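Q: One letter stands for each residue in the lines below.
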Amino acid sequence: MSLSELDSQIREVMAGVFDVDPGTVGDGFRRDDASAWDSMNHLRMVSALEEAFGIRFTMKEVGEMESFDDVRTRVSQHLGGSSLSPGTGERAG
Amino acid sequence: MVTLWGYLKYGCMISPKAEVEITKNLSIGRESIISSFTKVKSSDGPLKIGRNVEISNGCVISSFTAGTFIGNDCLVGPNCSIIGNNYHYDRLDVPVRLQGKFSAKGIRIGDDVWLGSGCVILDGADIGSGSILTPNSVVSGRIPERSIVQGNPGKVIFTRR
Chain A
479 MSLSELDSQI REVMAGVFDV DPGTVGDGFR RDDASAWDSM NHLRMVSALE EAFGIRFTMK
539 EVGEMESFDD VRTRVSQHLG GSSLSPGTGE RAG
Chain B
3 MVTLWGYLKY GCMISPKAEV EITKNLSIGR ESIISSFTKV KSSDGPLKIG RNVEISNGCV
63 ISSFTAGTFI GNDCLVGPNC SIIGNNYHYD RLDVPVRLQG KFSAKGIRIG DDVWLGSGCV
123 ILDGADIGSG SILTPNSVVS GRIPERSIVQ GNPGKVIFTR R
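Just so you know, the protein sequences line up as chains A and B, in that order. Per this note's numbering, the first sequence starts with residue 479, numbered consecutively. Per this note's numbering, the second sequence starts with residue 3, numbered consecutively.
Next up, chain A with everything else stripped away, as it sits in the complex (with noise of 0.2 angstroms):
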């Protein structure tokens, strides 16, 4: 997977839950850019993005994610940054 679909399969996650149109998720997009981003729907998203990349955050990873540059990093993270390739639309190595 290319750093490119990442970021639109999480932006298209994180504009579903939070009911945005998902051209304004993105870098510097945070929890203040969206009213619906409480608790609740926070703890959707996390499920949501767990269910879609086929991951498990921890709790303190989940008390972390406070933006949309947060949210890429973790779970770029979990699929291993290596595997991410920079735009190729292939996966790396």
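FYI, nobody ran anything at the bench for these hints, they're computed from the structure. Just to be clear, a hint being listed does not mean it is correct.
Okay, the calculated beta carbon distance ranges per label pair [claimed, not checked]: (1) B:Lys107 - A:Met537: 55 to 61 angstroms; (2) B:Leu77 - A:Asp548: 54 to 60 angstroms; (3) B:Lys107 - A:Asp548: 40 to 46 angstroms; (4) A:Arg508 - B:His90: 50 to 56 angstroms; (5) A:Ser513 - B:Lys107: 54 to 60 angstroms.
Partial chain A-side listing against chain B, Cβ under 7 angstroms, derived [as the list claims (entries may be wrong)]: (6) His520; (7) Arg522; (8) Met537.
Reference excerpt, derived from the structure (chain B facing chain A, CB under 7 angstroms, subset only) [stated by the list, open to error]: (9) Phe104; (10) Arg148; (11) Ile150; (12) Gln152; (13) Ile159.
Computed from a predicted model, the values in this text were never measured in an experiment. In this text, a Cβ means the ideal position worked out from N, Cα and C, and glycines have one as well.
Dock chain B against chain A, hints included.
A: Positioned in the frame of chain A, the structure of chain B alone reads:
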């Protein structure tokens, strides 16, 4: 009177403004608290409330033949309803109220369960230990342990870990 009875028999705190039916079906664990304007109806079936359970104001807790069982260390928010009986409704020519009550599976709530304000727990609910129900959730089935539940019907949105 009920306050004194609860304290002496079970070491629990029952508000003088709570309404608790004292029957042989009722059991309340030590250190549990039943707050004002809560009704506890135990005349129709076993009703067991565990230790260190805090039941807030305005709740209704009832049992029927299959029983209502609440584990230890639970928190029950204001205005929750835990209703152990159900009604038959298979005939249209007889009012539902006359078709009779029943209790298929009763209600089981595990240990360390937190029911948010306004939750409704119905016959058949089996809520696993460590679960949290967000306000106004409605549950009448099985909820796995450590779940966080939201909605009507209540759905698991997250699993505590």
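Q: The structure should be examined with respect to each hint, and the outcome stated for every one.
A: Consistency of the hints with the structure:
Taking the beta carbon of each, B:Lys107 and A:Met537 are about 32 angstroms apart, not inside 55 to 61 angstroms as hinted. Our hint of 54 to 60 angstroms for B:Leu77 and A:Asp548 is violated, since their Cβ atoms are close to 31 angstroms apart. For B:Lys107 paired with A:Asp548, a C-beta distance near 43 angstroms keeps the hint of 40 to 46 angstroms intact. The given range of 50 to 56 angstroms is respected by A:Arg508 and B:His90, whose C-beta atoms sit roughly 54 angstroms from each other.
The hinted window of 54 to 60 angstroms between A:Ser513 and B:Lys107 is violated, with their beta carbons roughly 40 angstroms apart. Using the Cβ-Cβ criterion of 7 angstroms, the hint placing A:His520 at the interface with chain B is not satisfied: the shortest such distance is roughly 9 angstroms. Evaluation of the A:Arg522 hint against chain B yields a held restraint, the C-beta minimum of about 5 angstroms falling below 7 angstroms. Annotation: A:Met537 was flagged as interfacial toward chain B, and the flag holds, the nearest CB pair being 6 angstroms apart, inside 7 angstroms.
Below 7 angstroms, beta-carbon pairs count as interface contacts, and B:Phe104 has none with chain A, the closest being about 34 angstroms; its hint is therefore violated. The closest approach between the C-beta of B:Arg148 and any C-beta of chain A is roughly 11 angstroms, which is over the 7 angstroms cut-off, so the hint fails. Because the closest C-beta pair between B:Ile150 and chain A is about 6 angstroms apart, less than 7 angstroms, the hint holds. For B:Gln152, the interface hint holds, since its Cβ comes within 7 angstroms of a Cβ in chain A; the closest pair sits about 6 angstroms apart.
With 7 angstroms as the threshold, the beta carbon of B:Ile159 comes within range of chain A, its nearest partner Cβ sitting at about 5 angstroms, so the hint holds.
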